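Asks: As a plain string of letters, each chain reads:
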Amino acid sequence: MIKRFKQLTLATSVAVACFAGALPAAQAAEEQFFMIPSYRVGPYGANGQSFYGGFIDYLTYVNMKGGIDGVQITWEECETEYNNAKGVECYERLKSKAQKAPGPIHTMSTGISYALVDKSAADKLPLAMMGYGLTSAVDGSVFPWAFPLVTTYQMQASAIIKFLKDKEKGSLEGKKIVYLYHDSAYGKEPILALEAESRLNKFTLVQIPVAHPGNEQGAQWQRIRQEKPDYVILWGWGVMNMTALNTAQKMGYPRERMIGSWWAGSEEDVIPAGDAAKGYMSATWNVAGKGVPLIADIEKTVYGAGKGNLKDTSKIGTILYNRGVSAAVLSVEAIRTAQAKFGKGKAMGPEQVRWGLENLNLTEARLKQLGATGLLPEVKTSCNNHEGSGKVKIQQWDGTKWVPLTDWIEGNKALIHPLFMADAQKYAKEKGITPRDCSKEK
Amino acid sequence: MQFFLEVLIGGLLSGVMYSLVALGFVLIFKASGVFNFAQGAMVFFAALSLVGCMEKGAPLWLAFILAFGIMTLLGIATEKFVLRKMVNQPPISLFMATIGLAFFIEGLAPLLWGNAVRRLDIGLVDEPIPWILEHWNMVISKFDLVAAGLALALVAVLALFFQYTRVGRALRAVADDHQAALSIGIPLQHIWALVWAVAGFVALVAGMLWGARNGVQFALTFTALKALPVLILGGFTSVPGAIVGGLIIGGTEKLAEIYIPPVMSGIFGGNFGGIEGWFPYVMALLFLLVRPEGLFGEKHIDRV
Amino acid sequence: MIYRETGQFKTSYAADQQIFPIRQDRIGIAILLAFAFVVVPLTAGNYWFNAILIPFLIFSLAALGLNILTGYAGQLSLGSAAFMAVGAYAAYNFQVRIEGMPVLLSFILAGLTAAGVGILFGLPSLRIKGFYLAVATLAAQFFIVWCLTKFPYLSNYSASGVISVPNVEILGYTFDTPQSRYLLVLSIVSLMALLAKNMVRSSTGRAWMAVRDMDVAAEVIGIRLMRTKLLAFAISSFYCGVAGALYAFCYLGSVEPDGFSLDLSFKILFMIIVGGVGSILGSFLGAAFILLVPIFLDIVLPWLSELLHLPVDSATVSHMQLMVFGELIMFFLIVEPHGLARLWQIGKEKLRLWPFPH
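Protein chains in written order, with our numbering: chain A, 1 to 442; chain B, 443 to 746; chain C, 747 to 1104.
Derived by calculation from the structure, the hints in this document are not laboratory data. Be a bit skeptical, because a hint or two may be false.
[Unchecked claim] Sample of chain C residues facing chain A (criterion: CB under 8 angstroms; computed from the structure): (1) S758; (2) S906; (3) V908; (4) L1068.
These numbers come from a predicted model, not from an experiment. Heads up, the beta-carbon is just placed ideally off N, CA and C, and yes, glycines get one too.
Let's have the full structure, built from the sequences with the hints guiding it.
Replies: Right, dumping it as structure tokens:
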């Protein structure tokens, strides 16, 4: 037995050593390497599956179309199980490989991206946090390497309030809104923004936290029934969302008055709730469906050639799949932007990719060229604004699919962005970071 | 007062759902002294098998039988490949083995059936009963009532089974002392396989109800966390204890979530909701201080 | 032949009572320490430090803490992650709130804070036993994490509840390279492991073991149960607390209460069971097993499937990893229910007689 055990440990160490040794050598000349710390098992595995499926399919698609101006994309996945420590291990394992020509890192986990903010800045690797993660990284002067692209929780909350205000014919005064949230960093981030909005728009905000995992919400909804709010904003993740929808049905609360965040608005959240989800609304920064030419083309090109990442092709065109594609589009566009400045057809180094992310300008015209009109909003980033858009759409579940209700809605930037800046300044002070002078960046 | 009653009744009905999961733990602990950590994973696996069979076109009743078959196979396999090889090991090693089993099932289930989040339609809608809502202005869900009925029926059947059948007696004998039971000719292996199959059946019922409520997905494994305080409150070895414990936990948990956070906010300021995660445990803990073997647990006398 | 104690005579009590009475053990430990302190820092790469060695040492320390409680004093606990959280947040608060607080002192204070909390949650152990106690310690797990989420003071009013720790600086030297952090963690962990090794063979340790084997009998022979059990809780929580502080300061750099979840508690429990309950060495072996095997599988399985040209998608590989991990745990328990440390023990016995086993 001892012998067997020893052999095992020996094999382990040899194999690990081999891999560690082999890392830098695998990098060929004109290749852009994406590290993909994905998750496909565990409580959120279903969500990760669709997101990373879309992400990788788009990378494959770009490669099949000749790469980024000839630069081929390579990538390596690592299973994080949505666990912070495992996420860090994945990052450390793949980072040496990425150091030469990295793609932005997408963890799709607030916890993991928090743990990586400092590490990626120290290692000089661009970290993307699209619709999750450390929102004060909008202030690029303190966080040069972190990009909460497209939009943030706070801007989203503000946009939702704006939508509700429009719905109530311009005033929320005297209304009551319940904020039902997952009791974690994810659910707590928007509270300051919502409180600011409630002062500004004079509505009553009732905050009701739900303990993880949120598979039992009887008491919370009984309280909601008692409070009789005009709207319920649902900030859930995973099982909490369907439980909320089902319990709302049980308590007789109209789903048409519930509006979710973008992590509470995917097919995975509503299909299990069945009819209970009909009429439920949610915010999103990308639309669902195969109506977008790009998505249809990916299905035709990539899956037609048998190179698709997903076994279950029914996921193509779902919210999270399309979100994965959108994330990949932005990453590739950032590299294109960098190439336009630093040399077409070359693999971009970390600093160059970072520059590309910071000077991204994804216009409607460019989106049209890509066949992605309407898939995601226009994005224009700068040193001061790593968010670049702050716009969301509101969509509604009609029982079988998500139907967009509105055009892109932008949150109250004047109200929300100063919150980010203040938070970033506090962070800089705690960590002893000297902020860059954004006026000198170009 | 009416609101209080509504919360209480809602809590009691949720409590029965916790009991269902707790039952599975009790069965296995009673028969083999194993604290089966994999029970949550088994609930997940059972529900997923049920949905998987339905997706392949089987009607609910057939899918239920098929899923039960799968759970039985799993039980037999567990006995044959794991437990049989660990007879007479300390309880903590057996406990650990079930944790390994939990990992195994958590990998196996989505591998067989895919990891998409599914809906399970068992023809019951989670809606308030209109009559009660109109006359009493109280929300009592049809679904919860049926679930509670099912759970009580299951407990009654299990209690009778343990008390009056030959196999039930054998089970209790095995639980008392493996070796003594073996020496009087009780086939230990069959009994264990059987009890795992029965636990699989309970997991299937629990998985079906929880799955119909919250969707069939990995989070079903978390239902185990709701069952643990029920278990310590009711006693690890008592089937009726699981039900009574569930009722107590469900009721107090909901009342606490409604009434305690405002008090705490009054003292400390801030928002103190979301106490459901720990409240049942703290309550069970306080309860244990008074009665260390749980409500219906067997009193343990130490002899030097 | 190699490992033989024949001819090693002890002529004084002091010699007979030393920690490692056998010469080969002393040499082995010295070589191991020299290797860890000198060779590793010179040769290992960043990945090894940041992703494997530092977490391995920190988890070993936490496992050691739990092993003192569970393995030696016989009190099963499922709340170790919560005590780590107490340590992490306490160290953070001492650092942030007291100007010029030395880091090492704040680690010690963090450990003491955790010890205090540990005593509080250890009180029920005076009445409750076995699995009932295990589930009762879950109360500590959930309650502590909830408190850290709910009292903004504890996270210095961070909006999200996530804390980002300052750099570790001792006597003007900043521990910012992976090597230096590794050496710091290694020093603390070796020191505390040595202390633990000593403690478990002292009268305290013997009292713990007596309580573990049968607390009524222990009481009869005059061991004060309350003192012994609570001491075990305190010391165990101290170890976990220091591990938590190191976890935040030397490993992740930013932690949130949810990171110290029940999963982490279970992970630490797995470590001691797989490694060996009631063994200092076992804590290290177990930590290595639980930490390294998933990483190993994550690297090897995709590689294998590629090598064999199996049409396996990434989701399947992830699921296979979980299954293989579960199987390995069961396999090891079937082969050796007393853990890896016991295997090592058997190996030593064999070596003692080798090459003439009869």
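Asks: For every hint, state whether the structure bears it out.
Replies: Right, here's what the structure says about each hint:
{"no.": "1", "hint": "S758", "result": "35 angstroms, violated"}
{"no.": "2", "hint": "S906", "result": "4 angstroms, holds"}
{"no.": "3", "hint": "V908", "result": "5 angstroms, holds"}
{"no.": "4", "hint": "L1068", "result": "6 angstroms, holds"}
Hint violations for this structure: number 1 only, all remaining hints satisfied.
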